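Protein sequences, first through last, are from chains H and W.
In this text, residue positions in the first sequence follow my numbering: the first is 1096, and each later residue adds one.
In this text, residue positions in the second sequence follow my numbering: the first is 2, and each later residue adds one.
Just so you know, the hints here were simulated from the structure itself, not pulled from any lab data.
Some hints could be false.
[To be verified] In silico BS3-like cross-links for lysine-lysine, where the CA-CA straight-line distance does not exceed 30 Å: (1) H:LYS1152 <-> H:LYS1166; (2) W:LYS58 <-> H:LYS1166; (3) H:LYS1152 <-> H:LYS1112; (4) W:LYS58 <-> H:LYS1152; (5) W:LYS14 <-> W:LYS58; (6) H:LYS1206 <-> H:LYS1152.
[Unchecked claim] Calculated Cβ distances over 12 Å to all of chain W for the following chain H residues: (7) ARG1137; (8) THR1173; (9) GLN1176; (10) SER1182; (11) PRO1207.
Bear in mind the structure is a predicted one, so any value in this text is a computation, not a measurement.
C-beta: ideal position from N, C-alpha, C; glycine also.
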Amino acid sequence: KNQVEQSPQSLIILEGKNCTLQCNYTVSPFSNLRWYKQDTGRGPVSLTIMTFSENTKSNGRYTATLDADTKQSSLHITASQLSDSASYICVVSAPRTGDMRFGAGTRLTVKP
Amino acid sequence: KAGVTQTPRYLIKTRGQQVTLSCSPISGHRSVSWYQQTPGQGLQFLFEYFSETQRNKGNFPGRFSGRQFSNSRSEMNVSTLELGDSALYLCASGFSGDSYNEQFFGPGTRLTVL
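So that you can see chain H by itself, here it is in the shape it has in the complex (with noise of 0.2 Å):
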């Protein structure tokens, strides 16, 4: 079973339209939770990066939270763009290690 669960795998929206992804971990202990987007053909791109004692992180229309308690994190995205369409990956590392558990993505298509 993989450490990092993300849901729903795809979503398709309105452009305008708010959206919310989910990241799920069993990764314990672990050091910093990031969010990357992906675009088709492209390398990933980091959005956030939060270590266990931050609640939440913000850049620009993109805002992730997390709750280390219930070890779940949300990459919520406000008035979505085209340009949003992407694949969306949550990532979890260990301490010391560094090993890094990704998440499968979320694809999410914006439409007009």
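Please arrange chain W on chain H, whose structure you already have, making use of the hints.
Quick look at chain W alone, frame taken from chain H:
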């Protein structure tokens, strides 16, 4: 400042052959990590190098190896290629080697094994 570059961008090999992929990190970055991405398995961590030393290693067979040079450029080698090695291989660089290291990914090398 130039981003992470990877060469070649595309590669076609046959089973049993070996392949070497190259990654040039962003100037000043000393940490280089390699990842394999496939539709079925998603992104998987291969290994990380910092100042020419392998710091972390993922769960891949010994056919996968790498090294880092004094100028921080890194190479990854896969020997005795298998069909299942077909994937996008991504390289990422960062300033430091700690786990909070901000990583910047390259465009990847698309490897196809026939």
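Each hint, compared with the structure:
Among the hinted pairs, H:LYS1152 with H:LYS1166 is consistent with the structure: their alpha-carbon atoms are about 16 Å apart, no more than 30 Å. Restraint check for W:LYS58 and H:LYS1166: satisfied, since their Cα atoms lie roughly 25 Å apart, inside the 30 Å limit. Only pairs whose Cα atoms come within 30 Å are accepted, and H:LYS1152 paired with H:LYS1112 is accepted, the gap being roughly 20 Å. For the suggested pair W:LYS58 and H:LYS1152, the alpha carbons sit about 29 Å apart, so the restraint of at most 30 Å is met.
Restraint check for W:LYS14 and W:LYS58: satisfied, since their Cα atoms lie roughly 25 Å apart, inside the 30 Å limit. Pair hint H:LYS1206 plus H:LYS1152 holds up; C-alpha atoms about 26 Å apart against a cutoff of 30 Å. Once the 12 Å rule is applied to beta carbons, H:ARG1137 is inconsistent with being away from chain W; the minimum gap is 6 Å. Residue-level check passed: H:THR1173 sits 23 Å from the nearest beta carbon of chain W, beyond 12 Å.
Every CB of chain W is more than 12 Å from the CB of H:GLN1176 (nearest about 22 Å), matching its label as outside the interface. A beta-carbon of chain W is positioned within 12 Å of the beta-carbon of H:SER1182; the least distance is around 9 Å. Even its closest Cβ contact with chain W, about 27 Å, leaves H:PRO1207 beyond 12 Å, as expected for a residue assigned away from the interface.
Comparing the model with each earlier hint shows violations of hints 7, 10; every other hint is respected.
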